[in-house]
Amino acid sequence: MAAKVHVTATLNGEPVEFLCEPRQSLLEVLRDELKLTGSKEGCNNGNCGACSVILDGLLVDACIVLGAEIDGCTVETIEGLMGSDGLHPLQQTFLENAALQCGICTPGFIMAGKALLEKNPQASEGDIRHWCAGNLCRCTGYDKIVRAIMDAEPQLEVKK
Amino acid sequence: MNPTQTMAPAQTEVEQKYKVIGTRPIRHDGVDKVTGRAVYGADVQLPGMLHGKVLRSPHAHANIKSINTAKAEALYGVKAVMTAADFPDSGSRTANLGELGEVPLKPMCDNVMASDKAVYHGHAVAAVAATSPHIAEEALGLIEVEYEVLPPVMDVLKAMDEDSPLVHEDLYTDELGEKSAKPSNVASHTRHVKGDLSQGFAAADHVLEREYRCATVHQGYIEPHAATAMWNPDGYLTMWVTTQGAFTVRTSVHQILDIPVSKLKVIPTEIGGGFGGKIPVYGEPVAAVLSRKARRPVKVVMDRTEVFQATGPTSGSYVKLKMGVTNQGRITAAETMLAYEAGGYPGSIVALGGICMFAPYNIDNTTIDMYDVVVNKPKTAAYRAPGAPNSEFAVECMLDEFCERLGLDPMEIRLLNGAKEGDIQSHGIPHPRIGCIETTEAARDCEHYQTPLEGPNRGRGVASGYWVNAGLTSSVTARLNGDGTVTLQEGSTDIGGTRTSIAMQLAEVLGIPVEDVVPSVVDTDSVGYTEVTGGSRVTFATGWAAYNAGQAIKSQLIEQAADLWKVDKDQVSLADGVITTTNGDSRSMTIKELAADLSQKGIDVGSRETVTPQNHGGAYATHVVDVEVDPDTGKVTILRYTAVQDAGRAIHPSYVEGQMQGGVVQGIGWALNEEYFYNEDGLLMNSSFLDYRMPTSLDLPMIETIIVEVPNPGHPYGVRGVGEVPIVPPQAAISNAIARAVGVRLGDLPMSPQTVVKALSAKS
Ligand code: FES
Ligand code: FES
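Line by line, the protein sequences are chains A and B. The number in our numbering is simply the position in the first sequence, starting from 1, with 270 added. Numbering-wise, our numbering puts 87 at position 88 of the second sequence, and it's gapless, one number per residue.
Isolated chain A (complex conformation):
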């Protein structure tokens, strides 16, 4: 077994330090080492988006990033989304639109939605469908998810 790597990063706004094996993915580190199980594993090979997190402002699948790679980086996960004023607008619109059934894909979709709306605050239905094609949901047929992301747009505008 290779020696563990020492990593320092910023996670959900706070400094974090951990040791990980070079073969451990960021998703494993988040879930097994840092006990943040909000990011989910659906496939472990970059095909479902259940593990979506934001790395230095970019939406990535945490299962295909190595834990050791995030040294010096900034990572946002679903656990960091709730502010002092309560739920993030996307969390609220997902609830109001019944945009989750089983909910396993929800953290990934919310992180994907956040990354999209930061880039494109007025994303159209088509933009959202295109952007979210990396996130699979088997329960909802996407209809209510797309609506929830659209509904969050004006609220995020107001927040700014």
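Derived from the structure by calculation, the hints contain no laboratory data. Only a predicted model underlies this, so the values are computations on that prediction, with no experimental measurement involved. Mixed in with the good hints there might be a few duds.
Unchecked claim - Quick look at which bits of chain B chain A covers, simulated, 3 or more residues with Cβ under 8 Å:
(1) 22 to 32
(2) 40 to 46
(3) 270 to 281
(4) 493 to 504
(5) 663 to 670
Each residue gets a CB set at the ideal place from its N, CA and C atoms; glycine is no exception.
Starting from the known structure of chain A, fit chain B with the ligands onto it as the hints suggest.
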């Protein structure tokens, strides 16, 4: 099925106005699920927990000659290794799997871990528990298995051939009640006969005979199976499982491991989708045995490849259908043969395919022959309306072909033949009150259907679907708190918001806001027996248990108030959360006030309810789809989709819509892309989400929904199950739309681009 224990209300209450039912409250478990705090199967972490991994057969069909685990055991970090030899002998006992009926135990044990023979690629043969998942994986590579590779049989019709290789040498056909003389891959042949086929066909002006096939598809839930077990030295076993039925897991593990249910507690975690695929056990008994051997908690989580290789899928199928109609479009006779793949062990869901096949129509003369056939694929599991899409696809496609030939409107032929209350179904049971006609009429009249579709290579398809639904046993425990709220413990795992749709029914009875009901899904020690979350039964049956609990609390409150006021309880009533006298002295208090008083006095108000309702009523749907076909690439684009469905009574309309939309999209995937690819050696070639192509948001438009409410007289609020039927019509609706767009009729699923292109070039 057990006799009913449900008190039918004196009269159905569907005509009343509701305060809670029909509203769209935010689900009670919502915040946990949008913040990442909800604990799903793989999220369970226990002190000292080990990670289990399963070694799987690299062959589709092979005798296991020997397994040597010594090297794996010696690897640093490995704490236990197991094989099927660690299970107690399964003998000839059976296990009850609810919706799936009684199943013999030996195949169930062998499916969890192969003892003598691997019967599909990915079949479990051994398992390891180690201090990290990576070490466990390394150890799997050190296990030596000697196989004798056998020829695989991968297709249902080939498996039925006399000279086909046998999946099991000791399997004999149950041929219409008689055991066959020779072993065979056909586990059973059953038949339903109604009327007289020759008379029926003689009365027909047009007869068609066609073959229809469905590829093997998977449920595709995003959360892989996960089970954590902790076996204590005193013999008590606790399991944390993502499952559709905690009690079903308890029963299965109890039977496989031969330990008393009293020593086994199953704690259901949140579940990341199931669709029928999370009813059977896979890693649960494995985690338990590894935990016993390692004397530490063990978590077994599948990866996606394992999910595809070894769980689910649904039956690949062959359907032959012959139907006759009059010039007016009245169906006079239908004869069909259904052959469904069961996978590696008997028990496909062909019987439900037979029951549902002709249920949307009243046909006087029908014969249905059903074959359950083993092949070298994973043991099939239920998948949303299990069995129904395969068979109804055939009927719905053929009806459309008749429409085209006779110049009939697809809605009119469905209305002309549509099933009504009292019509005898093909298996001899009369229909209860059903909403077949109302649903079809709503589809005919909807804006989508009334708006003409224009443009080249575009076509509109229509199809209907039926699903039988289920009742089965459900339990809840409800207790009034001192602040007037009610805690509600439910035995049904919640896959799509049922905590709330159940709680709403209790809230309605008491006239309190649904936020004042606090539902939770609890373990097998904490609530009465409850069957699986399946059969579209939870809002119907568990909701009924909650309704009964509400009624019990209501009468207890009335009694207590009468006591307090020293009046007869007949002179007290409860409505909208307020208790009042009806004798004119106008005394009143809120539930909250009375609850505070009772709690101070130490008086407990609550109820424990178990129901087994029988009259679940069937569910109907009619769908309309517009497609555009690219004649060069064969790609089919869904332009517009409308699903119309009878919900009986929509308790939470957003969740009903969500079920409809989700079912439609699974049906679209089944129709256009999804398919297991096996090579000639029987090895699964596309066990990833990249290669097993499920619909993404980019592949779809919004899915429009129209909820029809024909109340089910078998439920106090008129509820019918809604979850499953929406997966039935899409396949045929899309096939019919393609036919109208480009003039080719496709009877083999999926209708992938290459299939469409091939059909187009064959036509030209
Ligand atoms: S788990 Fe990372 S993309 Fe599926
Ligand atoms: S809500 Fe279940 S996968 Fe999206």
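Structure-based check of all given hints:
Counting residues of the region 22 to 32 of chain B whose CB lies closer than 8 Å to any CB of chain A gives 7, which reaches the minimum of 3, so the coverage claim holds. Coverage of the region 40 to 46 of chain B by chain A holds [criterion: at least 3 residues with CB-CB distance below 8 Å; count 3]. Interface restraint, the region 270 to 281 of chain B with chain A: holds (5 residues with C-beta to C-beta distance below 8 Å; minimum three). Three residues within the 8 Å Cβ limit are the bar, and the region 493 to 504 of chain B against chain A gives 3, so the coverage statement holds.
Look at the region 663 to 670 of chain B against chain A: 3 of its residues bring a Cβ nearer than 8 Å to a Cβ of that chain, three or more, so the hint holds.
Checked against the numbered hints given earlier, this structure breaks none of them.
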